[in-house]
Each structure stands twice: as structure tokens, then as C-alpha cells.
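Trainee: Chain by chain, the residues run as shown.
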Amino acid sequence: NAGVTQTPKFQVLKTGQSMTLQCAQDMNHNSMYWYRQDPGMGLRLIYYSASEGTTDKGEVPNGYNVSRLNKREFSLRLESAAPSQTSVYFCASELSSYEQYFGPGTRLTVT
Amino acid sequence: AQSVAQPEDQVNVAEGNPLTVKCTYSVSGNPYLFWYVQYPNRGLQFLLKYITGDNLVKGSYGFEAEFNKSQTSFHLKKPSALVSDSALYFCAAAGGGNNRLAFGKGNQVVVIP
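First to last, the sequence lines map onto chains F and Z. Start counting at 1 in the first sequence, then tack on 29, and there's your number in the working numbering. Start counting at 1 in the second sequence, then tack on 169, and there's your number in the working numbering.
Rather than coming from a laboratory, the hints here were simulated on the basis of the structure. Incorrect hints may appear among the rest.
Distance condition first, Cα-Cα at most 20 angstroms in a straight line; then the derived SDA-like pairs of lysine to any residue [to be verified]:
#1 Z:Lys274 to F:Glu128
#2 Z:Lys246 to Z:Arg269
#3 Z:Lys274 to F:Arg136
#4 F:Lys38 to Z:Pro209
#5 Z:Lys191 to F:Pro68
If we strip away everything but chain F, and leave its shape as in the complex, we get (with noise of 0.2 angstroms):
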């Protein structure tokens, strides 16, 4: 039981480069979310999944794309990336009632 793993650790872009960030969750559950953690900022929602097949934007979506590809999988997409993205990238999964359970990250850089 792996939890909610995330890929790339570690990414490196030119600005308007493309990248696409994968998540995926062992736990069936259905709700699934996309945060940015930038320092003194806390976490914000940049796009989230009530369920397969349905997508909403949270509260900084402009500059990514996301796709609920099944019940497992959640990726998020940077068609042209500025430096403004640098971040650390968080995929959640819920359990029930809020509950949310994180992957280890991904350190984006954007140059």
C-alpha cells in the first residue's frame, strides 16, 4: 500500500517549457486535489477532483491543466511554464469529511 505517490521528485524548466506532474493513490478514493506550497503562503488548491471524470478549479488554476484519467490517477499539466510556478507540488487524496493524505511532493524549478 503505497499511499499517493508523485512523479517527478525533481524538475528543472526553461521558461514555456511543458511538463506534465503525475500522482496516483492505492486508497480508492475518490477525491483528489493539486496544491502549491510556497514559502510563508501555506498551501493553495489549484485544481481538485470530486470524482472520476469531473474536474474544478481552486484557488490559483490559471497556467495548469489537469486531468482525472481514472479513479487512481490525477496529473497536472504546465503547457507553458514561467518562473512564477516555481514551487513545491503536492497531490492529495481524501479519505472521507476533508480527510486528505499527501504525496512526498515535486520540486519544480523554472528558470
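Add chain Z to chain F, keeping to what the hints say.
Mentor: Relative to the frame of chain F, chain Z by itself:
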């Protein structure tokens, strides 16, 4: 809109002393309240939650939190801090049927040997 405030950036405490990390919240309806801990270069780990019931909630690693409805607070406590408790602590809240969890900005806890 729901929000969470963690008023202190850093909490320093001597090993063996009581540890308190403060959190206040603003949500609609009945609150769902959580504490998470983050060790360096790791994801957030669930510590404890309050949904309903006893105002004093016990969680992992000897931590507990007290729900105070009148003060809209959910402070995290540990009777005797360990050096290994040094980490970043996040308070989170949700309520009113809004399926989004709002996080505070986090508190760095430093336990001094």
C-alpha cells in the same frame, strides 16, 4: 470565504516543555478542523482532526488539540516537546458544504535541546 490564521511564524520551545501552536479559523456552518505536520523535504502528514464530539482531540505522536467554538480556535498542544517534533505545522479547516480545505500559512516549531 473560509480562512485559517496561524499568527506565529515560528515557535521555539525547550525540550521537555509544553508546546502550543495556535490556530483560529473562519468557516460557514460546523467546522471540520485538522492539523498536519511536515518534516523537511516531505509531504504533509495527518496528525488529528475534529469533526464533532469531545472538544479535546487526541492524535498521533502524543499531540492533542482543543476545539473552542466561542473563540473559533483549534490550538495544537503537546505536554512535553521532543527535539524530533521540530517541523512545520499546518492547521486546516473546511465547512458549510464547501469541499475545499483551507490551510493556514504554517508554523515552524523549533525544539531546543
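Trainee: Each hint should be assessed against the structure and marked as holding or not.
Mentor: A quick look at each hint next to the structure:
1. Distance check on the hinted pair: Lys274 (chain Z) and Glu128 (chain F) sit about 18 angstroms apart at the alpha-carbon level, within 20 angstroms; holds.
2. For a cut-off of 20 angstroms, the pair hint linking Lys246 (chain Z) to Arg269 (chain Z) is broken: about 25 angstroms separates their Cα positions.
3. For the hint pairing Lys274 (chain Z) with Arg136 (chain F), the CA-to-CA distance comes to about 18 angstroms; that is within 20 angstroms, so the pair holds.
4. Simply put, Lys38 (chain F) and Pro209 (chain Z) have alpha-carbon atoms about 14 angstroms apart, close enough for the 20 angstroms limit, and the pair holds.
5. For the proposed pair Lys191 (chain Z) and Pro68 (chain F), the alpha carbon gap of about 19 angstroms is at most 20 angstroms, so the pair holds.
The earlier numbered hint that this structure contradicts is number 2, and it is the only one.
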